[in-house]
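Asks: Given next are the chains, with one letter for each unit.
There are 2 protein chains.
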Amino acid sequence: MAPTLALVGATGAVGSVMIDILNGRPEWPWGEVRLIASPRSAGRKLTVRGEELTVQALAPEVFDGVDVAMFDVPDEISARWAPVAAERGAVVVDNSGAFRMDDDVPLVVPECNLDRIGERPRGIIANPNCTTLSMMAALGALHREFGLRELVVASYQAVSGAGVAGVERLYAELAAVVGKGVGVRAGDVREALEAAGLPLADSPFPAPLALNVVPSAGSYKGDGWYSEELKVRNESRKILGIPDLKVSATCVRVPVVTTHSLAVHATFERPVTVEQARRVFDAQPSVVLVDDPERGVFPTPADVVGGDPTYVGRIRQALDFPNTLDFFVCGDNLRKGAALNTYEIAEALAARA
Amino acid sequence: MAPTLALVGATGAVGSVMIDILNGRPEWPWGEVRLIASPRSAGRKLTVRGEELTVQALAPEVFDGVDVAMFDVPDEISARWAPVAAERGAVVVDNSGAFRMDDDVPLVVPECNLDRIGERPRGIIANPNCTTLSMMAALGALHREFGLRELVVASYQAVSGAGVAGVERLYAELAAVVGKGVGVRAGDVREALEAAGLPLADSPFPAPLALNVVPSAGSYKGDGWYSEELKVRNESRKILGIPDLKVSATCVRVPVVTTHSLAVHATFERPVTVEQARRVFDAQPSVVLVDDPERGVFPTPADVVGGDPTYVGRIRQALDFPNTLDFFVCGDNLRKGAALNTYEIAEALAARA
Numbered sequence: 001m002a003p004t005l006a007l008v009g010a011t012g013a014v015g016s017v018m019i020d021i022l023n024g025r026p027e028w029p030w031g032e033v034r035l036i037a038s039p040r041s042a043g044r045k046l047t048v049r050g051e052e053l054t055v056q057a058l059a060p061e062v063f064d065g066v067d068v069a070m071f072d073v074p075d076e077i078s079a080r081w082a083p084v085a086a087e088r089g090a091v092v093v094d095n096s097g098a099f100r101m102d103d104d105v106p107l108v109v110p111e112c113n114l115d116r117i118g119e120r121p122r123g124i125i126a127n128p129n130c131t132t133l134s135m136m137a138a139l140g141a142l143h144r145e146f147g148l149r150e151l152v153v154a155s156y157q158a159v160s161g162a163g164v165a166g167v168e169r170l171y172a173e174l175a176a177v178v179g180k181g182v183g184v185r186a187g188d189v190r191e192a193l194e195a196a197g198l199p200l201a202d203s204p205f206p207a208p209l210a211l212n213v214v215p216s217a218g219s220y221k222g223d224g225w226y227s228e229e230l231k232v233r234n235e236s237r238k239i240l241g242i243p244d245l246k247v248s249a250t251c252v253r254v255p256v257v258t259t260h261s262l263a264v265h266a267t268f269e270r271p272v273t274v275e276q277a278r279r280v281f282d283a284q285p286s287v288v289l290v291d292d293p294e295r296g297v298f299p300t301p302a303d304v305v306g307g308d309p310t311y312v313g314r315i316r317q318a319l320d321f322p323n324t325l326d327f328f329v330c331g332d333n334l335r336k337g338a339a340l341n342t343y344e345i346a347e348a349l350a351a352r353a
Numbered sequence: 001m002a003p004t005l006a007l008v009g010a011t012g013a014v015g016s017v018m019i020d021i022l023n024g025r026p027e028w029p030w031g032e033v034r035l036i037a038s039p040r041s042a043g044r045k046l047t048v049r050g051e052e053l054t055v056q057a058l059a060p061e062v063f064d065g066v067d068v069a070m071f072d073v074p075d076e077i078s079a080r081w082a083p084v085a086a087e088r089g090a091v092v093v094d095n096s097g098a099f100r101m102d103d104d105v106p107l108v109v110p111e112c113n114l115d116r117i118g119e120r121p122r123g124i125i126a127n128p129n130c131t132t133l134s135m136m137a138a139l140g141a142l143h144r145e146f147g148l149r150e151l152v153v154a155s156y157q158a159v160s161g162a163g164v165a166g167v168e169r170l171y172a173e174l175a176a177v178v179g180k181g182v183g184v185r186a187g188d189v190r191e192a193l194e195a196a197g198l199p200l201a202d203s204p205f206p207a208p209l210a211l212n213v214v215p216s217a218g219s220y221k222g223d224g225w226y227s228e229e230l231k232v233r234n235e236s237r238k239i240l241g242i243p244d245l246k247v248s249a250t251c252v253r254v255p256v257v258t259t260h261s262l263a264v265h266a267t268f269e270r271p272v273t274v275e276q277a278r279r280v281f282d283a284q285p286s287v288v289l290v291d292d293p294e295r296g297v298f299p300t301p302a303d304v305v306g307g308d309p310t311y312v313g314r315i316r317q318a319l320d321f322p323n324t325l326d327f328f329v330c331g332d333n334l335r336k337g338a339a340l341n342t343y344e345i346a347e348a349l350a351a352r353a
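Chains A and B, in that order, are what the protein sequence lines are. Numbering of the first sequence is given in the UniProt record's numbering, commencing with residue 1 and proceeding in unit increments. Numbering of the second sequence is given in the UniProt record's numbering, commencing with residue 1 and proceeding in unit increments.
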């Protein structure tokens with residue numbers, strides 16, 4: 001019998017993208033699909049592959065008979081409910097941060113370590129953070145050939161990483177500043193937002209995003225580090241299976257709706273040329289090269305948003321660092337960075353069932 | 001007799017900021033001031049320290065009797081006219097890229113190498129590129145204490161780096177996309193700009209800046225590198241006097257009006273702690289620490305634009321790299337990044353005259 005798939009968090013920012021993905025997928029291994037959300041959203045109707053489904057409220061019994069449950073909800077909801085789903089027999093693919101560093105939970109990017117999906121003593125498989133995921137397909141491919149040793153990364157992260165509230169905030173902020181000629185004196189963006197009835201206290205971000213960049217992503221973790229920066233380090237190590245990988249990340253939010261970008265400085269065990277890197281990327285179906293800088297061709301978030309692949313450009317050999325490449329990657333943080341990777345894991349589970 | 005100061009490019013983006021600086025400076029060592037621009041702008045009236053001055057057209061004779069001539073004009077204008085001014089007896093302080101890497105032209109940041117202003121066989125002193133300048137006061141201070149060896153930098157560069165045209169383009173692009181809900185599908189920002197009569201061919205940038213970031217700054221120089229990235233490397237080496245400094249830079253334009261930001265990963269010869277770095281920055285008058293991440297306090301461009309100092313925050317010890325700090329700096333690219341540094345050199349010349 002075809003397996004049953006559940007989607008927890010069906011009405012959120014990632015959940016909506018997941019429904020797009022379910023509707024667009026060429027193969028369809030599933031029987032029943034259940035859409036699950038908070039009691040507030042229960043009763044809403046959403047269409048999956050031509051069938052109108054009613055969103056059900058999260059409760060233990062909704063997981064009865066579910067084979068694979070994809071969770072796209074905040075950490076605390078996953079922490080509470082993923083074990084409940086697993087106990088009722090579902091394999092959970094969780095996109096929160098609740099289980100990623102749990103030794104008994106594999107952290108999976110299909111291009112890097114799909115073989116790990118069978119080892120799941122808690123019945124839970126974790127999906128990486130969107131920032132890490134945005135570069136993993138590209139880095140995993142290079143690692144297999146050249147042996148990754150060091151990573152210095154700076155991010156340009158989209159507001160949809162903070163969900164629907166982040167997107168609505170950016171649009172509202174832009175509407176409040178446009179035509180005002182602000183951004184030229186310290187604090188005039190803040191004043192324009194206050195004047196428009198958009199106090200910062202109502203924002204999911206700690207500073208204005210309109211006409212600004214904000215060097216803070218996630219929660220503060222001590223010693224100067226925010227959570228997103230530590231996730232890039234710890235999750236990269238776990239996914240690539242390099243426990244001593246050297247990583248420094250600076251995570252910065254930018255006024256982009258969707259698609260994270262990263263400036264990557266990657267050092268390898270073995271020598272690597274730009275031509276070799278291009279061949280490796282060409283051979284990786286989920287990586288698309290957009291790299292003709294002489295003609296102004298490189299990936300930008302607004303040009304690749306909505307796409308499934310990781311887009312790579314600006315590849316160059318570091319002038320002063322041996323065995324080192326610099327490059328720029330863009331990946332849709334809601335698709336490969338969240339929903340798509342989760343679904344790819346679920347699909348692989350269905351194929352094994 | 002008090003020396004005569006000339007400002008070439010008085011009506012441009014940097015020239016306008018320079019006039020603000022002239023008007024706000026507490027000390028005033030100058031006698032006559034001459035404002036110079038292209039013939040197109042000649043005849044305009046601008047007020048400097050209460051006196052209305054008429055902008056003069058660029059010509060050899062306007063430099064007669066000038067002691068210090070500050071040039072804020074494109075490379076090709078400087079290349080042609082700075083030697084003319086020098087030949088007529090002026091010391092030129094040039095903010096273009098025309099002479100920066102000339103062995104007979106010192107490249108000066110007062111905090112780093114003011115002693116070099118006396119060695120000027122061509123009568124020309126160069127002002128660094130704005131991206132390099134945005135971090136130089138901070139890096140110079142750390143270098144003196146700990147010995148800088150390696151630098152991996154990613155930039156978040158403001159549109160005013162491309163002059164008035166860059167600022168006008170960003171404002172026009174934002175007006176064209178706001179309220180349209182774009183930025184969610186590949187190419188919809190481009191479509192909105194086309195629909196608003198803003199074809200990309202009219203932009204100083206090679207891709208849309210509204211709701212986007214663009215990994216390209218300057219002109220293409222081969223092997224994957226854009227000019228701004230090579231300037232960061234070569235100018236940092238020259239200013240700091242470290243010919244073998246290892247540098248990798250990725251320069252990215254962001255939708256910010258003014259103030260460049262940089263994510264800096266800096267490795268030193270000697271061990272360095274966050275506390276030591278804070279003490280060094282505290283002792284450097286032109287560096288301001290904005291660094292209390294637990295309370296969401298860090299520099300952002302919209303909060304520091306218009307200020308003279310270099311603002312530093314997010315200082316942390318790299319977890320996996322010895323003797324290495326990660327931090328985030330913001331500096332007004334039109335002030336310290338251009339006009340202010342140029343004027344500081346001119347002022348130092350006046351003091352020596």
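Please note that a few of the clues may not be correct.
One copy or two, either will do: identical chains are not told apart, so a pair holds if it fits within one copy or between any two.
Unchecked claim - Straight-line distance between alpha carbons at most 25 Å, and here's what the computed DMTMM-like set of lysine to aspartate or glutamate pairs gives: (1) K246 to E87; (2) K246 to E150; (3) K246 to E168; (4) K45 to D188; (5) K246 to D320; (6) K221 to E52; (7) K180 to E294.
Treat the hints as calculated values from the structure; they're not laboratory data. Computed from a predicted model, the values in this text were never measured in an experiment.
Asks: Hints broken by the structure, by number, lowest first?
Replies: Violated hints (numbers, rising): 1, 3, 4, 6 and 7; every other hint is consistent with the structure.
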